[in-house]
Amino acid sequence: MDDDDRIFKALADPTRRHLLDRLFERDGRTLTELESELEMTRFGVMKHLRVLEDAGLVVSRKQGREKLHYLNPVPIRLIHDRWIDKYTEHRVAALADLKNELEESA
Amino acid sequence: MSTMTAQATQVYSVFIKATPEQVWDAITKPEFTEKYFYGVPVRVTPETFDGGQSAQGTVVEFEPGRRLVHGWRALYDEDIAGEPESRVTWEIEAQEGGLTKLTVVHDRLEASPKTAESVAGGWSYILSGLKTLLETGEPLVA
Chain A
1422 MDDDDRIFKA LADPTRRHLL DRLFERDGRT LTELESELEM TRFGVMKHLR
1472 VLEDAGLVVS RKQGREKLHY LNPVPIRLIH DRWIDKYTEH RVAALADLKN
1522 ELEESA
Chain B
3 MSTMTAQATQ VYSVFIKATP EQVWDAITKP EFTEKYFYGV PVRVTPETFD
53 GGQSAQGTVV EFEPGRRLVH GWRALYDEDI AGEPESRVTW EIEAQEGGLT
103 KLTVVHDRLE ASPKTAESVA GGWSYILSGL KTLLETGEPL VA
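These protein sequence lines map, in sequence, to chains A and B. Quick note on numbering: the first sequence equals residues 1422 to 1527 in the numbering used here. Quick note on numbering: the second sequence equals residues 3 to 144 in the numbering used here.
Calculated from the structure, these hints are not laboratory results. Just to be clear, a hint being listed does not mean it is correct.
Label pairs and their computed distance ranges (CB to CB) [unchecked claim]:
1) B:63 to A:1446: 56 to 64 Å
2) B:139 to A:1426: 23 to 31 Å
3) B:113 to A:1522: 51 to 59 Å
4) B:112 to A:1523: 33 to 41 Å
Covered stretches of chain B, going by a simulated chain A footprint (3 or more residues, C-beta under 8 Å) [claimed, not checked]:
5) 12 to 19
6) 32 to 42
Just so we're clear, the structure is a prediction, and the values are computed from it rather than from any experiment. Where a beta carbon is used, it is the ideal one built from N, C-alpha and C, also for glycine.
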């Protein structure tokens, strides 16, 4: 499995997307905090967090005795640059061509 | 999705197919930074982080190929420039398979909410561009 596979797989689950949204709202949370907002066992949340960490979407850092979880948006940016820019660029170029053609024939 | 509440500690991480030394050079040498850091030639010495009109700060830790810690006072916007200095930490770690993990921690942003909001999207853009530059030799945007 390459990096892109791991990211898409991690994002393919609604609970994991929910966890990312929770971290987007407020970053640097402990497992206990995240667990309290989900109808799920501690083990279940841990499992999802591990998939997110393996994909690089969540980075955990130790602060004192606590392990804090942070949303890392860089892999999403890379997906954006790799997949989204490429296609929107073509669409924008196609619209620009269409505009030129229409204006020339007018 | 709700609006972004700017975070007082922000963490960004990326794996790059390059050596720690190459990553260090890409962070500290202007000929590299101008290709991904919003076109800004950044000069880093053991004393100062000089990002010209973008941001400036005093360097507090300078370990080539491993770690760079410096202050961050943004200068690109008047409102933001008035906020207290925050802190940026660059951690460089060699990984298996010729990869290097680069982590940027931007913290001490508690009293600088405008800076926090402003840099939130910026670091993703910068790290994505840095990875692309080191892996392909080409800047992300022409």
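Quick rundown of the hints versus the structure:
Taken as a hint, the range 56 to 64 Å is violated for the pair residue 63 (chain B) and residue 1446 (chain A), whose Cβ atoms sit roughly 31 Å apart. Residue 139 (chain B) and residue 1426 (chain A) have their C-beta atoms about 25 Å apart, which keeps the hinted 23 to 31 Å range intact. Our hint of 51 to 59 Å for residue 113 (chain B) and residue 1522 (chain A) holds, since their Cβ atoms are close to 55 Å apart. Checking the proposed 33 to 41 Å range against residue 112 (chain B) and residue 1523 (chain A) shows it is violated: the Cβ atoms sit about 54 Å from each other.
Only residues whose beta carbon comes within less than 8 Å of a beta carbon in chain A count, and the region 12 to 19 of chain B has 6; three or more means the coverage holds. With 0 residues having a beta carbon nearer than 8 Å to a beta carbon of chain A, the region 32 to 42 of chain B misses the requirement of three or more and the stated coverage is violated.
Of the hints listed earlier, those the structure fails to meet are numbers 1, 4, 6, in rising order.
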